[in-house]
Amino acid sequence: GQQVMQIPQYQHVQEGEDFTTYCNSSTTLSNIQWYKQRPGGHPVFLIQLVKSGEVKKQKRLTFQFGEAKKNSSLHITATQTTDVGTYFCAGASYDSGYSTLTFGKGTMLLVSP
Amino acid sequence: DTGVSQNPRHKITKRGQNVTFRCDPISEHNRLYWYRQTLGQGPEFLTYFQNEAQLEKSRLLSDRFSAERPKGSFSTLEIQRTEQGDSAMYLCASSLLAASYEQYFGPGTRLTVT
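Here the protein sequences line up with chains A and B, keeping their order. Note that this note's numbering has the first sequence beginning at 499, numbered continuously upward. Note that this note's numbering has the second sequence beginning at 12, numbered continuously upward.
Same shape as in the complex, but just chain B:
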């Protein structure tokens, strides 16, 4: 399977714990995006990378969130000191270059903070 993969698919954690998610994009794709989606909403942009460079972060993104793409391949999204409001589906997507190219989404990681 050469699509976008995400791990884990589900994560249940207690409030205050740190969690880390991984995304493996389609290999030839330069851009990698992280989104958050809650029930009844569209994907909400969090941040994106072009190769290993993080080019933009949402102004709404808390400082508890950090993302890396160290070698321009896979990416990790870490949430520190999780809160119940962080419960959501975290989606990763990749594209060849820019927003003018279609984005391929992974299956997502569903986070539940208890």
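Just chain A, same shape as in the assembly:
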């Protein structure tokens, strides 16, 4: 079945440093979504990417979808303590008929002031 892998599993940065998490799927994706889960909270939708090579920005966050639609990345510029949480990518594959999302294990981000 489809697998979605994320690296790193964990990253600890100083406030103001940049952060990047990478997501790789074993199968071609129809779209990829990114979610953020704060400690003790539930996943909250950040963005969806659909097109090959797509790049989207939300303030300090930049999301990319690979040309082959099998990988994606999230880059945060100048992290803040409010960025703390676990970031998940989730892909919908052609194999699943686009109907379900497979989540990665997430990257936990800790930001020290």
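Hints listed in this document are in silico derivations from the structure and should not be mistaken for laboratory results. Some hints could be false.
Simulated restraints on C-beta separations [to be verified]: (1) K555(A) <-> Q91(B): 42 to 52 Å; (2) A566(A) <-> L71(B): 41 to 51 Å; (3) R92(B) <-> R558(A): 27 to 37 Å; (4) T560(A) <-> G27(B): 44 to 54 Å; (5) R558(A) <-> I37(B): 24 to 34 Å; (6) L608(A) <-> Q28(B): 16 to 26 Å; (7) G514(A) <-> R92(B): 45 to 55 Å; (8) E565(A) <-> S38(B): 23 to 33 Å; (9) V553(A) <-> G27(B): 44 to 54 Å.
Quick list of in silico lysine-lysine cross-link-like pairs, DSBU-like style, CA-CA up to 30 Å [claimed, not checked]: (10) K557(A) <-> K534(A); (11) K82(B) <-> K22(B); (12) K534(A) <-> K554(A); (13) K555(A) <-> K603(A); (14) K549(A) <-> K568(A); (15) K568(A) <-> K534(A); (16) K534(A) <-> K68(B); (17) K25(B) <-> K68(B); (18) K68(B) <-> K22(B); (19) K25(B) <-> K549(A); (20) K603(A) <-> K568(A); (21) K534(A) <-> K22(B); (22) K25(B) <-> K603(A); (23) K22(B) <-> K549(A); (24) K568(A) <-> K557(A); (25) K603(A) <-> K534(A); (26) K534(A) <-> K555(A); (27) K568(A) <-> K22(B); (28) K82(B) <-> K603(A); (29) K82(B) <-> K68(B); (30) K568(A) <-> K555(A).
Short derived list, chain A residues pointing at chain B, Cβ under 7 Å [to be verified]: (31) Y520; (32) R536; (33) H540; (34) P541; (35) F543; (36) G583; (37) F586; (38) T598; (39) G602.
Note that the Cβ used here is the ideal one computed from N, Cα and C, for glycine as well.
Fit chain B to the supplied structure of chain A, relying on the hints for placement.
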């Protein structure tokens, strides 16, 4: 509050007991999903409904698990003969139509099986 709600928020049960969780999705959302999440893992898909029809179940889902969405509104997830390995956070999410639409998650029900 018009978000996704789940009840109860916490459930402690003894091994072998049955438990039932409820999810109330955002009212205009057609799709409702159930996930299970354990520490250090992403949400694991269990099953989903489009309106009242259950369209897919995870192949990994035990026969002890059953879900319903009788009127296409709220949904229940029942676990029969609970086992310690069932201890997890059970998340419900809803979306307008398909996986191409963002999913809105509820706060989850944390199950502890002793």
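Hint check results:
{"no.": "1", "hint": "K555(A) <-> Q91(B): 42 to 52 Å", "verdict": "48 Å, holds"}
{"no.": "2", "hint": "A566(A) <-> L71(B): 41 to 51 Å", "verdict": "28 Å, violated"}
{"no.": "3", "hint": "R92(B) <-> R558(A): 27 to 37 Å", "verdict": "48 Å, violated"}
{"no.": "4", "hint": "T560(A) <-> G27(B): 44 to 54 Å", "verdict": "50 Å, holds"}
{"no.": "5", "hint": "R558(A) <-> I37(B): 24 to 34 Å", "verdict": "28 Å, holds"}
{"no.": "6", "hint": "L608(A) <-> Q28(B): 16 to 26 Å", "verdict": "37 Å, violated"}
{"no.": "7", "hint": "G514(A) <-> R92(B): 45 to 55 Å", "verdict": "52 Å, holds"}
{"no.": "8", "hint": "E565(A) <-> S38(B): 23 to 33 Å", "verdict": "39 Å, violated"}
{"no.": "9", "hint": "V553(A) <-> G27(B): 44 to 54 Å", "verdict": "52 Å, holds"}
{"no.": "10", "hint": "K557(A) <-> K534(A)", "verdict": "15 Å, holds"}
{"no.": "11", "hint": "K82(B) <-> K22(B)", "verdict": "25 Å, holds"}
{"no.": "12", "hint": "K534(A) <-> K554(A)", "verdict": "16 Å, holds"}
{"no.": "13", "hint": "K555(A) <-> K603(A)", "verdict": "23 Å, holds"}
{"no.": "14", "hint": "K549(A) <-> K568(A)", "verdict": "11 Å, holds"}
{"no.": "15", "hint": "K568(A) <-> K534(A)", "verdict": "20 Å, holds"}
{"no.": "16", "hint": "K534(A) <-> K68(B)", "verdict": "25 Å, holds"}
{"no.": "17", "hint": "K25(B) <-> K68(B)", "verdict": "26 Å, holds"}
{"no.": "18", "hint": "K68(B) <-> K22(B)", "verdict": "23 Å, holds"}
{"no.": "19", "hint": "K25(B) <-> K549(A)", "verdict": "48 Å, violated"}
{"no.": "20", "hint": "K603(A) <-> K568(A)", "verdict": "16 Å, holds"}
{"no.": "21", "hint": "K534(A) <-> K22(B)", "verdict": "25 Å, holds"}
{"no.": "22", "hint": "K25(B) <-> K603(A)", "verdict": "29 Å, holds"}
{"no.": "23", "hint": "K22(B) <-> K549(A)", "verdict": "42 Å, violated"}
{"no.": "24", "hint": "K568(A) <-> K557(A)", "verdict": "25 Å, holds"}
{"no.": "25", "hint": "K603(A) <-> K534(A)", "verdict": "12 Å, holds"}
{"no.": "26", "hint": "K534(A) <-> K555(A)", "verdict": "15 Å, holds"}
{"no.": "27", "hint": "K568(A) <-> K22(B)", "verdict": "38 Å, violated"}
{"no.": "28", "hint": "K82(B) <-> K603(A)", "verdict": "33 Å, violated"}
{"no.": "29", "hint": "K82(B) <-> K68(B)", "verdict": "19 Å, holds"}
{"no.": "30", "hint": "K568(A) <-> K555(A)", "verdict": "20 Å, holds"}
{"no.": "31", "hint": "Y520", "verdict": "15 Å, violated"}
{"no.": "32", "hint": "R536", "verdict": "12 Å, violated"}
{"no.": "33", "hint": "H540", "verdict": "4 Å, holds"}
{"no.": "34", "hint": "P541", "verdict": "5 Å, holds"}
{"no.": "35", "hint": "F543", "verdict": "4 Å, holds"}
{"no.": "36", "hint": "G583", "verdict": "13 Å, violated"}
{"no.": "37", "hint": "F586", "verdict": "5 Å, holds"}
{"no.": "38", "hint": "T598", "verdict": "5 Å, holds"}
{"no.": "39", "hint": "G602", "verdict": "5 Å, holds"}
Hints 2, 3, 6, 8, 19, 23, 27, 28, 31, 32 and 36, counting from the list given before, are not met by this structure.
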